[in-house]
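Modelling step: build the complete structure from the supplied sequences, incorporating the hints.
This is what each chain is made of:
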Amino acid sequence: MNLKKFKFDLSNKNKDLIPQVLTVLVLVLVIIYFTINAQTNMGNRGISFGFGFLSQESSFDITFSLIDYDGSHSYARAFLVGLLNTILVSAIGIFFATILGVTIGIARLSPNYLISKAAEWYVEIFRNIPLILQIFFWYFAALRALPLTENSINFYDISFLNVKGWYVPKFVWTNFNLFFYSIIGATISVIFFSKYAKKQRDEFGRQLPVFYISLCLLIGIPLLTFLIGGVSLSFQVPQLEQLSKTVYVYKGGVSIIPELISLALALSMYTATFIAENVRAGILGVNKGQKEAAASIGLTKGQILKLVVMPQALRIIIPPTTNQYLNLTKNSSLAAAIAYPDIVLVFAGTALMQTGRAIEIISITMLTYLSLSLSISVFMNWYNKKMAIKEK
Amino acid sequence: MRNLLIKPNKENLKTFVIVGSFLIFISFIDVLFNTFFEINFTGFFPSKISFFAPLILGTAGLYLIRIEFSGNKLLDRVNANFNSSNFNAILTLLVIFALIKYVPPVLNWFIFDADFIGNSKDDCTSEGACWVFVKVWLNRFVYGMYPDTEQWRINSAFIMLFLLVGAAFFVPEKFKKYLLFFLLFVYPIIGLKLISGGDFGLKYVETGAWGGLSLTFIVSAFALILCFPIGMFLALGRRSNLPAIKYTSIGFIELWRGVPLITVLFMSAVMFPMFLPDGTYVDKLIRVLIAITLFEAAYMAEVIRGGLQALPKGQYEAAKSLGMGYWRMHFLIILPQALKLVIPGIANTFLALVKDTPLIFVVGLLELAGMVNLAKTNPKWLGMAMEGYVFAGLVFWIICYAMSRYSQNLERKLSTER
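Those protein sequence lines, which keep their order, are chains F and A.
The first sequence runs contiguously to residue 392 in our numbering.
The second sequence runs contiguously to residue 418 in our numbering.
If you're looking for bench data, these hints aren't it; they were derived computationally from the structure.
Nothing false has been slipped in among the hints.
Which residues of chain A face chain F? A partial, calculated answer using Cβ under 8 Å:
1. N88
2. A244
3. I262
4. M271
5. L359
6. A392
7. G393
All figures in this text were calculated on a predicted structure; none of them were measured in a lab.
Positions of the beta carbon are idealized from the N, C-alpha and C atoms, including for glycine.
In structure tokens, the structure reads:
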């Protein structure tokens with residue numbers, strides 16, 4: 001009996017083993033084949049595999065950078081500039097896409113026929129046009145139709161919009177560090193206070209006005225630094241200057257380049273349609289009985305929304321919406337099409353062209369995106385586990 | 001405070017409705033005259049009040065006609081759909097005013113002031129769009145740089161495809177199998193040979209000359225056909241019990257899903273040739289097709305995996321109890337059901353694929369959006385970007401909207417069948 005069982009196991013194991021060994025073998029062979037080819041190819045071109053080039057001088061300029069950068073900096077620095085630009089446009093896009101998406105998602109459920117139809121058509125129109133075409137449209141058609149520098153559209157004399165970009169006042173801080181720490185301190189105190197309030201509620205049934213006190217803390221503590229900490233803020237308004245007879249520029253202030261505007265516009269308008277659908281599905285997904293039950297135990301309308309509807313709706317909304325945030329970040333790579341200096345354009349474009357190190361550069365670029373996606377999906381798995389309904 | 005406001009009630013229904021409608025009427029007339037004749041009725045007010053006058057009047061009017069259970073069906077319906085609260089009333093007015101203000105100029109640009117006749121930029125004399133641009137370039141937008149005399153080949157390849165797909169709806173069940181086989185395995189080769197040429201007395205047309213809308217269809221169709229089987233095996237692999245196969249599949253899927261398509265295309269353009277023996281040249285279009293296929297296969301795998309997971313366990317157990325092996329179980333029992341479940345998902349993947357095709361411009365292949373980019377930089381046609389992108393957007397929108405409607409219908413149909 002024993003022997004028979006052993007035999008059975010062995011045969012089964014063999015059956016399982018063969019395809020696995022074959023898969024691994026093929027994989028290894030393909031990798032070896034590619035490596036050998038790559039080595040000979042690189043040998044022919046007189047380059048060897050390695051990441052030493054990252055510390056070399058890049059000697060190209062980048063039109064838009066958040067950190068100090070010029071041609072004398074290294075390729076690694078150029079990579080960082082591109083990465084920061086990618087993060088910048090993704091953050092702006094995510095911010096506006098969320099606001100727009102939530103608004104439109106709620107509007108689609110409005111009892112007002114006009115509003116819900118308008119929201120529906122917004123979704124249908126912007127979801128079904130390729131994103132790259134929308135970026136082209138904003139950049140090459142819409143923003144190019146703006147007036148020249150000397151005839152800028154003027155917003156109350158502090159901000160100017162023209163074909164070269166959008167000029168906004170620059171924040172000039174003194175003692176910014178103190179202000180920054182005070183914000184961190186305020187956030188920490190709010191977290192502690194809400195924990196304390198929860199404990200009070202759970203143990204003694206005492207309701208504290210958490211929202212108002214948190215708001216006071218968040219505004220009050222940073223405000224205090226202005227009054228006694230020597231923190232001050234002034235605005236540097238862009239000024240029109242005439243360089244020659246026909247050439248005008250704005251000096252001072254911050255200029256937001258049209259590439260960034262059009263990319264952020266297109267990304268947020270496109271992604272908003274998907275977020276709107278998620279929000280709609282989430283709110284519709286909450287059982288009507290839940291609201292009725294909450295109302296019957298005497299919760300107010302605000303409490304129903306906050307304590308009953310939103311927690312359940314968010315459980316449906318958040319996972320696909322995070323996915324959309326990830327998509328937005330990946331889609332920001334379309335920046336290459338309109339020459340916004342993101343990581344793909346700066347690194348996989350210009351730097352690759354100059355160094356010819358295709359394998360290293362493409363791998364670094366892909367790994368950057370990959371690690372971003374993987375870290376977000378790890379976070380999402382953790383979140384889903386935490387938020388899953390705990391069934392008894 | 002409450003008592004100071006007039007509360008509309010049913011007793012004085014007629015008075016309220018007449019006064020209310022009159023106020024709404026005035027607010028509309030004000031906006032209409034403002035936009036079309038530049039006459040401002042309320043100009044005697046201070047400028048800020050004058051600006052908001054229609055909104056204030058309209059809101060007051062809508063407040064007056066908001067009478068519940070008035071007995072008048074039309075009034076009740078208006079109140080329920082447009083006027084359920086003050087907030088909704090304001091929103092309604094804002095939407096209507098925005099329509100009055102912005103729709104006519106757009107329509108004027110699009111149709112009434114647009115130029116349709118002529119052959120050059122000089123024929124565009126009016127304010128509106130210059131559709132002459134699209135008319136002159138239409139051939140390029142559809143066929144790219146494909147030689148004019150050979151375009152019948154692309155036409156006939158697509159006509160053949162439509163006929164075959166159309167025939168699939170009419171032939172008896174018995175032949176459907178063969179037709180599908182022909183469509184999936186034989187037709188792509190015939191179509192490709194017909195378009196690329198080189199044999200049978202057809203002139204060879206290099207892939208660099210392909211372009212326009214036809215290239216969009218060629219790329220998306222081939223990528224779909226090719227990515228489907230790969231995606232299927234990846235999905236099965238990811239659910240396999242064998243660790244080596246399982247983790248290879250997971251790694252493959254997550255690798256492609258984690259990176260943007262544009263970097264994959266960059267990879268196919270600059271990195272892929274490094275991995276091949278020196279001197280081998282793989283055609284640009286084929287490299288792009290491989291890249292898009294692998295990329296979409298990862299997404300397809302996840303869609304199909306969704307279907308596999310949705311199948312009840314009993315199906316697997318029943319198949320096993322009949323003595324079926326792994327492959328027979330999957331091909332005869334599991335996959336036919338799972339694939340039917342995920343048809344909408346497959347349609348959505350295809351939709352995303354079509355929307356992604358313009359990205360092939362990074363390797364220098366120009367489909368519709370790329371051709372527009374090229375045309376707008378032509379010195380004879382500068383300043384036509386708006387027309388070009390609106391046209392391309394419209395074409396893509398029609399294709400994608402039709403497909404998304406079709407997939408929604410399918411979803412509804414399939415969900416009622418179960």
